[in-house]
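**Q** As you go down the protein sequences, you meet chains S and G in turn.
Just so you know, we're using numbering that gives the first Met the number 0 here: the first sequence kicks off at 0 and counts up by one.
Just so you know, we're using numbering that gives the first Met the number 0 here: the second sequence kicks off at 0 and counts up by one.
Each hint should be verified, as a subset may be incorrect.
On the chain G side, residues computed to face chain S include the following (Cβ under 10 Å) [stated by the list, open to error]:
(1) 11
(2) 13
(3) 51
(4) 71
(5) 74
(6) 75
(7) 77
(8) 80
(9) 83
(10) 84
(11) 87
(12) 88
(13) 97
(14) 146
(15) 151
(16) 157
Here are the computed lysine-lysine pairs in the BS3-like style, where the Cα-Cα straight-line distance is at most 27 Å [claimed, not checked]:
(17) S:134 with S:205
(18) S:121 with G:223
(19) S:182 with G:131
(20) S:205 with G:73
(21) G:6 with G:223
(22) G:19 with G:177
Simulated from the structure, these hints should not be mistaken for lab results.
Positions of the beta carbon are idealized from the N, C-alpha and C atoms, including for glycine.
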Amino acid sequence: MPTTTSSTLPTVETAPADILLAPRRFPLALVVRTLVAWLVTLLLFFPLGFLIATAFKTELQAIAVPTEWLFSPTLENFHEVQARSDYLLYATNSLITSVVSTVLGLMIAAPAAYSMAFFRSKRTRDILMWMLSTKMMPAVGALVPIYVLAQQSALLDTRTGLIIVFTLSNLPIMVWMLYSAFKDIPPEILEAARMDGATLWQEAYKVLLPLGMGGLASTGLLCLVLSWNEAFWSLNLSSAKAGTLATLIASYASPEGLFWAKLSAASLMAIAPIVVFGWFSQKQLVQGLTFGAVK
Amino acid sequence: MAYLQLKQFRKQFGAVETIKGVDLSIEPGEFVVFVGPSGCGKSTLLRLIAGLETVTSGQLMLDGRDITHAPSSKRDLAMVFQSYALYPHMSVYENMSFALKLAKVSESEIREKVERAAKILNLTAYLQRTPKELSGGQRQRVAIGRAIVRSPKVFLFDEPLSNLDAALRGQTRVEIAKLHRELGATTIYVTHDQVEAMTLADRVVVLRDGKIEQVGTPLELYDKPANQFVAQFIGTPQMNVVAAAQMPQAAAAYGLPVAADGFIGLRPENLAVLPAGQGQLSGQVELVEALGAETLIYVSTDSGAQLVARQNSRSALSAGDRVGLQLQPETVHLFDAGGRVTRTGVAVAATH
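If we strip away everything but chain S, and leave its shape as in the complex, we get (with noise of 0.2 Å):
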């Protein structure tokens, strides 16, 4: 047998004294290109940093007109907001509500897509449009009924209540994206698995999980952000005691007229775990596993 691996050097001495002996200018297309990437970024960071700015003002300086840009920052407005209100309980209200229904719905959507994407049938694909079209509802379409449901079953306020009602409403992204991220993997992989004398069980844990991972984490982390952020639901079925971050802001915004630096100082407070989650499981989101198995 032929073994090519140890033959082939790479050739690369030739690359860069290419690049050295014709020195490019930029050519515009990549100026302008860099330019709108640059303006649609700061556009897009703008509201952020000024809500974090404001976040550190006095509520004078906040509603100063023009903006000052220019500040001793103050950490008044941290104090206060968690003097008021109790920031832990809610934060500790959003991270269980979130974690929880997250956990949940990957235990309900990984079998699901699991079925759908290796034993499809004829209905596959129109059971995973239903599922989707039940997301084409506006929210507010079944507030009553739900409203009327939670209070009957007595969990108007609870954590449980929220929990059911943010793993049903992300059930259906959850089952469409872990659907197309096992629809990536040759099925020959889990045949080879059942072929081997794996169960049911073992070929889910040791040759699914594995390979689905960046699947899973990605699914996993977007509907943890998508929980963490909910407002809809926190607002409408959950007040003091149940209710998460979301809620938390709201009660700066209406009652006693807007209190900007506070309502920011909350926000940035509401927002502060997610953004930093989400950063440091970037590399998670984005990347997958490299197939190295077929062909």
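Chain S is fixed; fit chain G onto it per the hints.
**A** Chain G only, in chain S's frame:
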């Protein structure tokens, strides 16, 4: 009692029946090749045996045990997939030891078995690599290695060479044959390549439209095809099959008992090309393919038949030349209008 026995195997996908009642017995140690054109159901049949598809009806016996409804994991069969289907997240060693680990074989025994298989397959240097760091041929060998470490009752190969380039394919084919001689394991091998079928098989099963057309040793199929389909499927270039009406003089000259609406079959090597005016048939050369050791001469006869002749020497002919054709009457196969063989030609070594 056969080792592996298929009884009235049927498979239906919706309204379409893809396997239409297959009966087959395979003896221990036999190398059986399923061959047929694409869509003939050969891969489906293999997957049914593997348990990756469920049979609609029929029975499958392995070594005295009814495994018709046993899950794949409990059948004690090993399969080599066309796409290799290696576990991409595991090293070569882990790939090959996966089945043994699941079977709770002791670590030392696993090591011994994997190392022995790796040695046979020239993979010892690659045990710690992952599949993506291997070439196509190496992946193919890992897939085979994964099967042989288990010493299963039957090996199943699903077109294992079709992803390799021509040179590697020939080489791997020889290795598979050698491996089978060494291990003596019962093997079922699916391919659409009749050369693989002819060279590897103890017995060839020719399939068409979900039915067995003929079962036999490679040379039986070549010399005594049961029908026109098998006659033309086995052998390259394929057998010349001409309507009897297009060769009246030949049929008459030798008193061949062919029906008026029947067909005459002639292997290319049993057809001699002569100078114009000689032989029973005359025609015009359409194309000459010089392959070095042999030459294929395509002739269009005056009666409208398209024939190809093979000779083991170079030819000075070129397209447009007039030639005569001589056929050896005893080698002629005859078919009725439905393609069933009515007379089998005698296999005669080409004399020219």
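**Q** Tell me, in ascending order, the numbers of any earlier hints that this structure violates.
**A** 1, 17, 18 and 22
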